[in-house]
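Numbering (this note's numbering), first residue to last: 76 to 697.
Calculated directly from the structure, the hints in this document are not laboratory data.
Here the structure is a predicted model, which means the values were calculated and not measured.
Ideal Cβ positions, reconstructed from N, Cα and C, are used throughout, including at glycine.
Treat the hints loosely; a few may be bogus.
[Stated by the list, open to error] Okay, the calculated beta carbon distance ranges per label pair:
hint, residue 1, residue 2, range
1, Asp-657, Asn-532, 30 to 38 Å
2, Ser-568, Glu-376, 43 to 51 Å
3, Gly-513, Ile-453, 15 to 23 Å
4, Ile-453, Glu-529, 19 to 27 Å
5, Lys-514, Ala-177, 40 to 48 Å
6, Asp-637, Gly-513, 48 to 56 Å
7, Pro-426, Asp-168, 26 to 34 Å
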Amino acid sequence: MARIRRTLITVAWNLFQQQIKELSSRMRKIVKNIIALSVTSALSVSIVNAATYKIVDKNEASKLKYTYAQHQNINGDMAISGTSIYNFPVQFDYLDDDDFTAIETFAAIRHISVLALDDIEDSDALRAGDPTANDLAWVIRWLQDTSTGKGLDIEYQKVGDTIAMTNLSGVTTDYNLWDETFEGTDELTRSVIDIVSGITNGGISYGTATAPFLPGEVFTDSDGNEHTFWLREFGIRGFFSYDQGAQIHQVVPFETQYGGGTSAVMDVSEAGIAVGFSSYKLTEGYVDFIEDETGGCADPEIVPATMTLEACIAQALLGSEPYHTMALKATLDPNGFPVVEQLGLLVTPHPDDDRPYSSYALAVNSNGVSVGYADGFIDETVTDPDENESSVYHYAVVYKNGEVIDLTGDHSNKGSSRAYDINDAGIAVGHITKAIGGKAVQKFFYVDTSMPEEEINMVNPDDYFTGSDSTVRAINNSGLMVGEGEIETHNESTQNPRRTAAFVYDMNDDVFTNLNKTIPCSLRLTYDILEARGINDAGMISATATVKVDRRDAKGEIMLDDSGTPLKEDVVRSVSLEPIPDDGEICTAEEENKVIRKGASISFGGLLSVMALFGLRRKFYK
């Protein structure tokens, strides 16, 4: 197995690794936002901002700690994601004494640096399969860990820990896709990552989900040792439903060999035109490994001597992303037979260049024009590339009239860019990396894609300050954009990232506003709006904010201090910001500056589990 894992590492896709780094950076910022709630922001100033939005809290989810807003339609129906599930169904029967010893060692090494958890409290209860909440949290972390834990070992239970939900008419309900219960129980595996990305005004819900990992039949190797492999039918798969999940239809990938392929549905228009992306080709290194007779899955000393072929492929997939990915367009059908087509790549690589060139479509407007990003050459003028043509970056693109058009323009003084949304007038939004003061800074942009290609020009409005990273996630047909940006000015580091705050920008009046300055004064001490994900044509904004709640342990029980008073902590919650008439209210200095919530208790263990949710979402959106 060690030899297999070493081989698998060499198969990993560079884009996948890059996305994980971006995820880690983003999560540090989320954690920093919550940690810093008890101090004044570096940019907080005492200015008068009357309320123009009310907050509609989408309410606590009883099964989990964190909820995260996706998009909402004109009726206020919102797609919601959640993670950090209470009472995660660990299958202790599949663990042995060596595993429990490894868990105890894992906790002993790490508990000093994890504020929310202590060392193992009751070893006997743990080994009996009835751990304390603290010890249950360590088991889950060990199963997820990809370094010294079992996150990349196919012989151990997998933790997806991500629930899809919808909030319809103010009521939040689970939106279960393909998860299954363990045999003989009523417990779902919770090994899936389910994300409903949105609901159209006409009621088409859509998104991306995974099949569950289930324990296979016991396999006996050539030495007589027994193994149980945790396998799933497919990985990431796009879906849509015309009846709120009663019937769920898949968008089958273009390429499914050796693992089922990947696909995603990122947006759907009111006309039922979906966009997203799909695997279309396998990397040669991955195919070589699967078919290698001297160390790969075709080696008889591995298959069938130590595992099944299915298990060998599944093990390979845990450590790599073997597929090249292409943007797709699908004309949906209520009966589940979408007509799917490829939208193409930005560049045509040299025939001998096997590096993965991919493209992604993230949004579509009512005219069928879509936007996203695609891998491209640093020199945008290259039409006859070399085998090793430099292709470090990905660039924002528009897909229209059968073409993939670069929105970045001259690449010489710009880095990566991505387009996240487009309105019916053809205005696309996103972010681009630029050199500012000798530092790479991510700045939000908008661009008119209806212009001739040679006249397309990105506009970068002012945001929080010159060196602030910012991005726009969505735009409505009135020209209002929402996103998030950094609000602190210090030189950030891995240990000390900058905090972010959500904003709204009006392109018609060139007005940029921190959304925390637009809610009623009394709520500014309760909610800190970190990100804005969407804005519909009624002006309702889908956002995620921190809010103080009673602290709960891994089993969902409220935690008390020595006097019996519930401990408190800040968690992220999905909220909707809905326009209201300007009330002329003047906030106090305390309310304006957010000197708030002294003594907040932070559950780092829980916060890091949010990565299960963000892992998929950021792969598609960051």
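Hint check:
1. Between Asp-657 and Asn-532, the C-beta spacing of about 34 Å keeps the proposed range 30 to 38 Å intact.
2. In this structure, Ser-568 and Glu-376 meet the distance hint of 43 to 51 Å, their C-beta atoms being roughly 47 Å apart.
3. Evaluation of the 15 to 23 Å hint for Gly-513 and Ile-453 yields a pass: the beta carbon distance comes to about 20 Å.
4. Judged by the Cβ atoms, the range 19 to 27 Å given for Ile-453 and Glu-529 holds: they are separated by roughly 20 Å.
5. For the pair Lys-514 and Ala-177, the beta carbons lie near 42 Å from each other, so the given range of 40 to 48 Å is met.
6. Distance hint check for Asp-637 and Gly-513: the Cβ-Cβ separation is about 52 Å, which falls inside the suggested range of 48 to 56 Å.
7. Separation of Pro-426 from Asp-168 is about 52 Å and departs from the stated range, judged on CB atoms against 26 to 34 Å.
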